[in-house]
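> Below, each chain spelled out in residue letters.
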Amino acid sequence: MSRNRFDVKLRNFRGFLRLFFSNTIGLIGFIMLAFFIIAAFLGPIVYPYDITDVAKGDILAQPSREFPLGTDQLGRDLLGALISGAKISLMVGFMGASISVSIGTIVGLSAGYIGGKVDSILMRLTDGMMVLPVLPLVMVLAALLGTSISNIILVIGLTGWTGTARLVRSQTLSFKERQFIERARCMGANNTYIMIKHILPNVFPVIFANTILVTSSAILRETTLSFLGLGDPLSVSWGQTLNGAFNNGAVSIGAWWYYAPPGVCIILLVLSFTFLGYSFDEILNPKLRER
Amino acid sequence: MEDRNILKVEDLNVFFKVNGGIVRAVENVNFQLKDGESIGIVGESGCGKTTTALAIMGMLPGNGYVDNGRIFFEGEDIINKDEKQWQRYRWNKISMIFQGAMNSLNPVMKIRRQIGEAIRLHNPTITKGEINARVVELFKLVGLDEKRINYYPHEFSGGMKQRVMIAMALACNPKLIIGDEPTTALDLMIQAQIIDLINDLRRKLNMGMIIITHDLSIISEICDRVAVMYAGNIVEIGSIEDIIENYKHPYTEKLIKAFPSIYGDKRMAESIPGAPPNPLSPPKGCRFHPRCHKSIDICKNVLPKYTSFGNRHFAACHVVKGDSLNE
Amino acid sequence: MNNDKVIEVNKLSVYFNARAGFFKDLIRKDKIMVRAVDGVDLSISKGEIVSLVGESGSGKTTMGRAILNLVHHNTGSLKFNDEAYDIKNKKWMKTFRKKAQMIFQDPYQSLNPKFMIADIVSEPLKFIEKKLSEEEIESKVVEALEFAGLKPARDYLYRYPYELSGGQRQRVAIASVFIISPQFIVADEPVSMLDASVRADIVKLMLQMKEEKGTSYLFITHDLALAWLVSDRIAIMYLGKIVEIGPAEIISGNCIHPYTQALISVLSNIDIKKKRKRIVLKGETPSPMNIPKGCRFHTRCPIAKEKCEKEEPPLIKRQKNHFAACHFSKRLI
Numbered sequence: 001m002s003r004n005r006f007d008v009k010l011r012n013f014r015g016f017l018r019l020f021f022s023n024t025i026g027l028i029g030f031i032m033l034a035f036f037i038i039a040a041f042l043g044p045i046v047y048p049y050d051i052t053d054v055a056k057g058d059i060l061a062q063p064s065r066e067f068p069l070g071t072d073q074l075g076r077d078l079l080g081a082l083i084s085g086a087k088i089s090l091m092v093g094f095m096g097a098s099i100s101v102s103i104g105t106i107v108g109l110s111a112g113y114i115g116g117k118v119d120s121i122l123m124r125l126t127d128g129m130m131v132l133p134v135l136p137l138v139m140v141l142a143a144l145l146g147t148s149i150s151n152i153i154l155v156i157g158l159t160g161w162t163g164t165a166r167l168v169r170s171q172t173l174s175f176k177e178r179q180f181i182e183r184a185r186c187m188g189a190n191n192t193y194i195m196i197k198h199i200l201p202n203v204f205p206v207i208f209a210n211t212i213l214v215t216s217s218a219i220l221r222e223t224t225l226s227f228l229g230l231g232d233p234l235s236v237s238w239g240q241t242l243n244g245a246f247n248n249g250a251v252s253i254g255a256w257w258y259y260a261p262p263g264v265c266i267i268l269l270v271l272s273f274t275f276l277g278y279s280f281d282e283i284l285n286p287k288l289r290e291r
Numbered sequence: 001m002e003d004r005n006i007l008k009v010e011d012l013n014v015f016f017k018v019n020g021g022i023v024r025a026v027e028n029v030n031f032q033l034k035d036g037e038s039i040g041i042v043g044e045s046g047c048g049k050t051t052t053a054l055a056i057m058g059m060l061p062g063n064g065y066v067d068n069g070r071i072f073f074e075g076e077d078i079i080n081k082d083e084k085q086w087q088r089y090r091w092n093k094i095s096m097i098f099q100g101a102m103n104s105l106n107p108v109m110k111i112r113r114q115i116g117e118a119i120r121l122h123n124p125t126i127t128k129g130e131i132n133a134r135v136v137e138l139f140k141l142v143g144l145d146e147k148r149i150n151y152y153p154h155e156f157s158g159g160m161k162q163r164v165m166i167a168m169a170l171a172c173n174p175k176l177i178i179g180d181e182p183t184t185a186l187d188l189m190i191q192a193q194i195i196d197l198i199n200d201l202r203r204k205l206n207m208g209m210i211i212i213t214h215d216l217s218i219i220s221e222i223c224d225r226v227a228v229m230y231a232g233n234i235v236e237i238g239s240i241e242d243i244i245e246n247y248k249h250p251y252t253e254k255l256i257k258a259f260p261s262i263y264g265d266k267r268m269a270e271s272i273p274g275a276p277p278n279p280l281s282p283p284k285g286c287r288f289h290p291r292c293h294k295s296i297d298i299c300k301n302v303l304p305k306y307t308s309f310g311n312r313h314f315a316a317c318h319v320v321k322g323d324s325l326n327e
Numbered sequence: 001m002n003n004d005k006v007i008e009v010n011k012l013s014v015y016f017n018a019r020a021g022f023f024k025d026l027i028r029k030d031k032i033m034v035r036a037v038d039g040v041d042l043s044i045s046k047g048e049i050v051s052l053v054g055e056s057g058s059g060k061t062t063m064g065r066a067i068l069n070l071v072h073h074n075t076g077s078l079k080f081n082d083e084a085y086d087i088k089n090k091k092w093m094k095t096f097r098k099k100a101q102m103i104f105q106d107p108y109q110s111l112n113p114k115f116m117i118a119d120i121v122s123e124p125l126k127f128i129e130k131k132l133s134e135e136e137i138e139s140k141v142v143e144a145l146e147f148a149g150l151k152p153a154r155d156y157l158y159r160y161p162y163e164l165s166g167g168q169r170q171r172v173a174i175a176s177v178f179i180i181s182p183q184f185i186v187a188d189e190p191v192s193m194l195d196a197s198v199r200a201d202i203v204k205l206m207l208q209m210k211e212e213k214g215t216s217y218l219f220i221t222h223d224l225a226l227a228w229l230v231s232d233r234i235a236i237m238y239l240g241k242i243v244e245i246g247p248a249e250i251i252s253g254n255c256i257h258p259y260t261q262a263l264i265s266v267l268s269n270i271d272i273k274k275k276r277k278r279i280v281l282k283g284e285t286p287s288p289m290n291i292p293k294g295c296r297f298h299t300r301c302p303i304a305k306e307k308c309e310k311e312e313p314p315l316i317k318r319q320k321n322h323f324a325a326c327h328f329s330k331r332l333i
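Residue numbers (my numbering), protein chains in the order written: chain V, 1 to 291; chain L, 1 to 327; chain F, 1 to 333.
None of these hints come from the bench; they were simulated from the model.
Since we're looking at a predicted model, the values are computed, not measured.
Glycine is no exception: its CB is placed at the ideal position from the N, C-alpha and C atoms.
Heads up, a few of these hints could be off.
Unchecked claim - Sample of chain L residues lacking proximity to chain F, with all beta carbon distances greater than 12 Å (derived):
1) 61
2) 66
3) 123
4) 130
5) 132
6) 187
7) 191
8) 216
9) 266
10) 270
11) 275
12) 281
13) 302
What the hints assert, rightly or not - The calculated lysine-lysine pairs, modelled on DSSO-like cross-linking and capped at a C-alpha distance of 27 Å, are:
14) 176/V - 91/F
15) 176/V - 31/F
16) 98/F - 197/V
All chains should be modelled from the sequences, with the hints used to inform the complete structure.
Okay, here's the thing in structure tokens:
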């Protein structure tokens, strides 16, 4: 029965997958997210669309064979906009979340492990960020930096890390007191080594579950910004489409094909992340796991 | 003679349903407790000693059930009682000091209220004044300063909390108290104080007592009789003197020899080789035979019956069977 | 004679700041000090096992940690191999860490649950011998695991701690110390969390390491009988001070301090023929925040006199190697 490192890791990963796929809610979330990811990558190939193309349809035309989801106020195809929006939402979500979670993890780990003054300073900074009303802050930042998609990602990333930082700090505090940390110190390990090698792997499951929730809030934030007209005008996101619908009176004239599809997509995408986050929480947090 | 038994356990089997099948946690357990007598149940963790106690309290967890056997309390079979009838028994007649229970006190409730609650739950008609008087009385009984009844648990040390737990168990004047590891996790001197307290209470209140522990020395300080359990069976039972000085079963022998004595030779206590069997698939025959230094062929196939050695001393072992008393 | 000492501790004190409560902290200016270790002298020779025995709150664990520089000490001087501790010097600390190690109490807490056994055992090598190849590391890990009785070692390499029993985990912890064969080990209650049936094996393993490598131990325990069994000398600690120290035989024979005598009298035993007189002390150990004046044991001492309330007794030599801190020396049992 000789085992090797790779086999054991693979077996553990399989075990995790088995648990995950036996969780109905997680599975639903996974299927929904997979659908959006596939749509984002394959959609533009199957159904080419370019915002700078000359509009081909009538103004605010109802869904038809040529334009399955109708057209906007300039006669542009709305299905194409919807498909390209998926890519933007996912990109903003994942990249914004990686920035947020990275900052949050570094801040939380150092505050929790080093403690003392470092902890006080970092946590007051976090508290300060937390009490600032996020939306106005994001709007000011977005206006200052200019409205390109990379700036939006940056702004979302720089404002969304506080929750992660608090979470990682509290987890770090609980692991810091464990004997294996003292054992590592006794062997001569320095702080960086202990934080990266000993604490991070133990906190990782929590960070992972948290990333998913941060992603969904990043997507919502992008939508909000775009809806308020602070988005990148050259990349058609769902928020951008909603903004167009709102500005052109689509709601009052009953052009549901303009605002309903992006609205529903946002809800479904955010819901898929919420489901995933919920199920990961259940799998990774033994206290919540039902017997 | 029979009438004087406060507790009589007959052929008790307690099983647990688990994913992998059925765990035979307690099998074929028999013992009797006379009025005012105390018995110790000793064994390694997982040998079924706590399960036996929970069955007597009617407090088996959801997946556990009594498969067979009867439990008589004051001559009345209590095994088939429903929950409502159990509630009349529990705490009023039989109470229990749970393992590590001192950490289960509610940290935001004053001690007086926590003990009061235990009294009121089992005597719904009692008045507030009576409860307070009773709490003070109990505090005196277990050697706690009655001025401290309005303290919170964190203001009590470990030993004092354990006294509170004993007071709670005594709250309704039970006839029988079951103590599950009542001194584990306490310092040596506090352990000695608790042992003195328990002995003192036994003298004063004339209760029956069952002490469950892995530590034979506590039993030798408190109990009149000892039951040695291994893998769900009682392998040997008898008076404390008989068990310690005239043990018959090889497992008892190992347990006693594992006990260091600072007045003997400096030798490392012998450990028992191997590990207790998997409760899902215990070995055939005598359950101890894979770890036994005396096992012979018959031990592998046949579960040994009890042999009497007089003075209510029984052991279940093929090897000592029929041997003279000086084996 | 002097240079056969591995560890020499002089007047070691470790104080912690205590919190009295939120409001009391606001009002008070002077901080309350918990005097966990309060002026202790101790030395351990090469190849010697010294047990430090005391109840919880006696400061024995803090003492062990202070010797390994895992907690900061307030006063006192420490020497390792006749060399004063130079904790600011990284190079000195590195050699110290290589030669002085610790075995922890709780094998469920002291092994990182995310590390495989191979990584746990090889971890000390990372800090000490960085130039080893993968194969060299693996063969050292296998050797250490086999020493610790986990055979065949290759079956254990890629397991996680949760797959092992408490006894096996403690063997892993011992293997991870054995791999760098330190000169001195602080063993903090190494068997108290284990089932009685595996305790002896773990203790034997530690003794075997002493035989093979000449390791010295500071064996911290609350179990007098175990201390008597394994050690050359025993020190009894009460409220941050050593009250009696001497050869292990003082336990079964001629101990002097009333606290030691009381502890021995209540020692668990199953010898029902010779029931000895038990001295059960009243009350509990006072808080180290509020250590009694004079002899710190006088509040519970069965033979305390007026002198004990005023004067703290020094640790005085009674016989060869046997010291006790008591104004009187009366046999109680």
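> Among all the numbered hints in the text so far, which are the ones the structure does not match?
6, 7, 8, 9, 10, 11
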